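K.L.:
Sequence:
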Amino acid sequence: MQSRAGLALILALTVVTGCSTFTGKSGEALPRDARWGLVPLVNYSQTPQAGERSEQILLSVLSQRGLQPIVYPKTEQETMLFDDSERLAAGMEWAQRQGFDYVISGSVEEWQYKSGLDGEPAVGISLRVLEPVTGRVIWSNSGARAGWSRESLSGSAQKVLRELTDDLRLE
254 MQSRAGLALI LALTVVTGCS TFTGKSGEAL PRDARWGLVP LVNYSQTPQA
304 GERSEQILLS VLSQRGLQPI VYPKTEQETM LFDDSERLAA GMEWAQRQGF
354 DYVISGSVEE WQYKSGLDGE PAVGISLRVL EPVTGRVIWS NSGARAGWSR
404 ESLSGSAQKV LRELTDDLRL E
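Take any residue in the sequence shown, note its place counting from 1, add 253, and you have its number in the numbering used here.
Computed beta-carbon distance windows for the label pairs:
#, residue 1, residue 2, range
1, GLU339, GLU424, 33 to 39 Å
2, GLN321, GLN299, 29 to 35 Å
3, ARG403, LEU423, 32 to 38 Å
4, GLN299, GLU346, 27 to 33 Å
5, ILE323, ASP419, 21 to 27 Å
Calculated directly from the structure, the hints in this document are not laboratory data.
Given the structure is predicted, the values throughout are model-derived calculations rather than measurements.
Where a beta carbon is used, it is the ideal one built from N, C-alpha and C, also for glycine.
Please build the complete structure, drawing on both the sequences and the hints.
P.N.:
If you want it as structure tokens, here you go:
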């Protein structure tokens, strides 16, 4: 009888933890008071403007951690660009001119409601911190999450971004 209860507990924990996946490592502690910038997140998902949506949520999550990065200003000409990698390249050039110590970048791999009766939100995001002058990656982390049927896509993204940035060590 106890073995069945133990097995049921293990199965329940596996189901709950199976909804989220995160990779990455903490790395070195970075100074909170350094000059931080945020450049565009590249959208690899099928959802238009998922990168911009993620950037806005990321700003609020970083603010909770005490970071207030300066955001790459989007121009009217860039609004018409469909290639986010071009926006990222322009953002990195801008970051070098601004003299930032660190730049936050990344990509959105998944941003959708899954098909089916429940229509669960599914989010996959990768973040990285770079030195803009050298392009060296200081920290990186990736996470994915499938939420519950009544959960919003932006709510799932907020959970993923919070989990990702919690691994970013700041001093």
